[in-house]
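Novice: Numbering-wise, the numbering used here puts 212 at position 206 of the sequence shown, and it's gapless, one number per residue.
It is worth saying that the hints were derived from the structure and are not from the lab. The model shown is predicted, which means the values in this text are computed figures rather than measured ones. Heads up, a few of these hints could be off.
Below, a list of computed lysine to aspartate or glutamate pairs in the DMTMM-like style, where the Cα atoms sit at most 20 angstroms apart [what the hints assert, rightly or not]:
hint: 1; residue 1: K210; residue 2: E119
hint: 2; residue 1: K154; residue 2: E87
hint: 3; residue 1: K154; residue 2: E195
hint: 4; residue 1: K154; residue 2: D130
hint: 5; residue 1: K154; residue 2: E119
hint: 6; residue 1: K154; residue 2: D40
hint: 7; residue 1: K210; residue 2: E152
hint: 8; residue 1: K210; residue 2: E190
hint: 9; residue 1: K154; residue 2: E41
hint: 10; residue 1: K154; residue 2: D125
hint: 11; residue 1: K154; residue 2: D133
hint: 12; residue 1: K210; residue 2: E41
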Amino acid sequence: MVPPAAQAAARRAVGAAAGIAVHVAALDWQSIADELNSHGYAIIPGLLTADECHDMAAHYAHPQLFRSRVVMSQHGFGSGEYQYFRYPLPSMISALRNALYGPLAAIANRWHELMDLPDRFPADHADFLARCHAAGQQRPTPLLLEYKTGDYNCLHQDLYGEHVFPLQAAVLLNQPGTDFEGGEFVLTEQRPRMQSRVEVVPLKRGDMVIFAVNHRPVQGTRGIYRVNLRHGVSRLRSGSRHTLGIIFHDAT
7 MVPPAAQAAA RRAVGAAAGI AVHVAALDWQ SIADELNSHG YAIIPGLLTA
57 DECHDMAAHY AHPQLFRSRV VMSQHGFGSG EYQYFRYPLP SMISALRNAL
107 YGPLAAIANR WHELMDLPDR FPADHADFLA RCHAAGQQRP TPLLLEYKTG
157 DYNCLHQDLY GEHVFPLQAA VLLNQPGTDF EGGEFVLTEQ RPRMQSRVEV
207 VPLKRGDMVI FAVNHRPVQG TRGIYRVNLR HGVSRLRSGS RHTLGIIFHD
257 AT
């Protein structure tokens, strides 16, 4: 893992968006695939620097960057709020979305093959977005979430139309234990004829978690079966928490 100071210096030298693409390309994608196959999620430590996290969280106060704002309590989603970015996306978010998509598409195609699902995903994100847009899914889905003391996010799946990319990502932008307490990222797996399994995902500022959107393949005694997943955030006990969400399909 590149030390944070060296990572920050490299980003400054080439520009943050170009630097993030280089960083993502250099990740150990075999290990990431193994974690996703085994657990339904994988953690990428320190993907964003502290300064990048601060700058990203500061976007929340600039409504001109967003197409819509959702207050969770008004829809029964929990407590807190989030905003969806509008096109064109900030360069860092666009770079993350494009750089992550290619390696994840290979994993997604393997999952669909194992689960006997017909859809396959092109190697280039622009081609997948063209498919979404042709089907009427034209609204961007990357978002910033903001939680204050007492806020939480109910278990859910981010499905926005017919075309769904089966993996998504989130980056924690504040430091647990310093900026906030509580607010753990939580995943649940609903297994056929079994009780649900819960996973609390430990994240620090700048860490990214990649996880399954709705289901993933699991090897059982009678072959491959689909496990249904949901994700959410536990109650924030104090402080303030921001998260960047990267979803690869657009919305209707």
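Novice: Of the hints stated earlier, which fail here?
Specialist: Numbers 1, 3, 4, 5, 6, 9, 10 and 11, in rising order.
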